[in-house]
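K.L.:
Below, each chain spelled out in residue letters.
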Amino acid sequence: MRDLPTGPSLLALAREVLLSDLLPLLPEQHRLEVRLVANSMAIAEREAEAADGLRKAIARELEKLYRWTGEGEEPENLLRCFARDLRVDRFKGSEPQERKAREILWQLTISKLRQANPRCLAANGFR
Amino acid sequence: MGSQRSELLPAAGVAQDHRTALARFLAAESGAAKVEFSGLAPLRGGAIQENWAVDARFFGGLLTGDQRLVLRTAAPTGVAASLSRNEEFAVLKAAFAAGVTVPEPLFASEDPAVFGKAFFVMRRVDGTAAAHRITRDPLLDPSLPAIAGRLGRELARIHTIRPPRSGLAFLPSYEQVGPAQQIAGFRAYLDRHPVPRPVLEWGIRWLETHLPPPVEPVLCHHDYRTGNYMLDGANLTGILDWEFAGWGDPHEDIGWFCCKGWRFARLDREAGGIADRAPFYRGYERESGRMVGRERVFFWEVLASVRWAIIALQQSDRYLIGGERNLDLALTGRRATECELEILMLLDPDGAPSDA
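For the record, the sequence lines run as chains A and B.
In terms of this note's numbering, the first sequence has 20 at position 20, counting the first letter as 1, and numbering is strictly consecutive.
In terms of this note's numbering, the second sequence has 191 at position 191, counting the first letter as 1, and numbering is strictly consecutive.
If you are wondering where the hints come from, they were derived from the structure by calculation, not from laboratory data.
Heads up, some of the hints might be wrong.
List of simulated lysine to aspartate or glutamate pairs, EDC-like, C-alpha gap at most 16 angstroms [to be verified]: (1) B:Lys117 with B:Glu87; (2) A:Lys100 with A:Glu63; (3) A:Lys92 with B:Glu87; (4) A:Lys100 with B:Asp355; (5) A:Lys92 with B:Asp355; (6) A:Lys100 with B:Asp348; (7) A:Lys64 with A:Asp21.
From the derived model, a few chain B residues whose C-beta atoms are all more than 12 angstroms from chain A [said to hold, decoys possible]: (8) Gly65; (9) Phe107; (10) Gly127; (11) Ala169; (12) Gln181; (13) His193; (14) Val195; (15) Thr209; (16) Lys260; (17) Arg266; (18) Arg294; (19) Asp317; (20) Leu320; (21) Cys339.
DEER-style ranges, computed between Cβ atoms [what the hints assert, rightly or not]: (22) B:Ser354 with A:Glu63: 18 to 28 angstroms; (23) A:Glu98 with B:Asn235: 47 to 57 angstroms; (24) A:Glu98 with B:Asp268: 29 to 39 angstroms; (25) A:Leu13 with B:Ala41: 46 to 56 angstroms.
Computed from a prediction, not measured in an experiment: that's the story for all the values here.
Virtual Cβ for every residue (Gly too), placed ideally from N, Cα, C.
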């Protein structure tokens, strides 16, 4: 059990102080770097909030996919196995598996961007 | 990766013996009695190479008078695909001779006694290469289609340079760097990368099964995009950053220029974030006398997204593995996922599932 405020909320506050209070005081040549610092803090905050959710959600979907093929891979190896199988078109012969594989690729990508760059998602028409 | 950014960083240390050796080198190469510096400072930008603004007075010789120059040398760590400075200098000379709008290349040295490492010197051109500014500036808007046309013509001029060329004999043959070899390189990198990238594997497999027939190779810039040309107002003053140049399919540069990763603030403007494809293609087709093959461009645009993703990962490797303390590089790795989104959008006709 950790004390409050939580890590993500501390990061959010620190970022606000950085951008609102400190950035205007800095000379122009340091501002880009400070914006990069703020961006890093925002990513860290979103990833901390999401905790292990993404890894677990993708592992669940991969388990479903691999149950269909009867492989029974260990969860921690599943993503590597998935990548390896995509390299050789492993799912091409089965329309449901192929569709499921693409769904997982979308889910993985959109979930990662929600944390790393939600503005990119919005710019591409995703909510 | 741009080079001639106008913004100077605060004065950084150049050892006095390097200043002296550089002045002597420039005097000897230009035939001047002596050279004196009024400015020597690093320029912002250049994630892979370091660029220095050199303001110098030449006493006699080819460059007599005050000159504004750029000295280009390697950053502490780089990416494997880039040319050496001497090779980049040779490519820049070939482009200059072909009538491409580039900063005039002047001198090169591989002697570490002069500046600590190999470098070359070119003229400094005016303007900005800042892509976010170029793609956002409302004052530039009316000129952008014409600029896109000009960039198409410039690209066609680059593509007039064809092998064999004795001065460019160091460039690997197209058979060594064609799409199949690039795919092998992507996979070799992913095999070493600690985090699996299923979307890249999926996209690479598509590329492997859709290889276009071979073409007569031309000199490709291989980083021809918004951010790597200088605009002084609406005037194009220079195509920059030739470190990735090599023989290739001309559509490779067109796909790279148009790929979404290089549209910056304007994803809707498919030619480099500055215009529709039509004026860019038209400029290219008029100058080259050849039609742009739309299907070939699509292939190279998919490859561009894969390549940009791999470069983004390699950039963050410079922090993760190379130990280069640079937040910009560290963050660039996250951009690989943006490229993966584009790969999915290009290649999956069904689009994202509703619950993604």
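K.L.:
Flag every earlier hint the structure violates by its number, smallest first.
P.N.:
Failing hints, ascending: 3, 5, 7, 13, 14, 15, 16, 17, 21 and 25.
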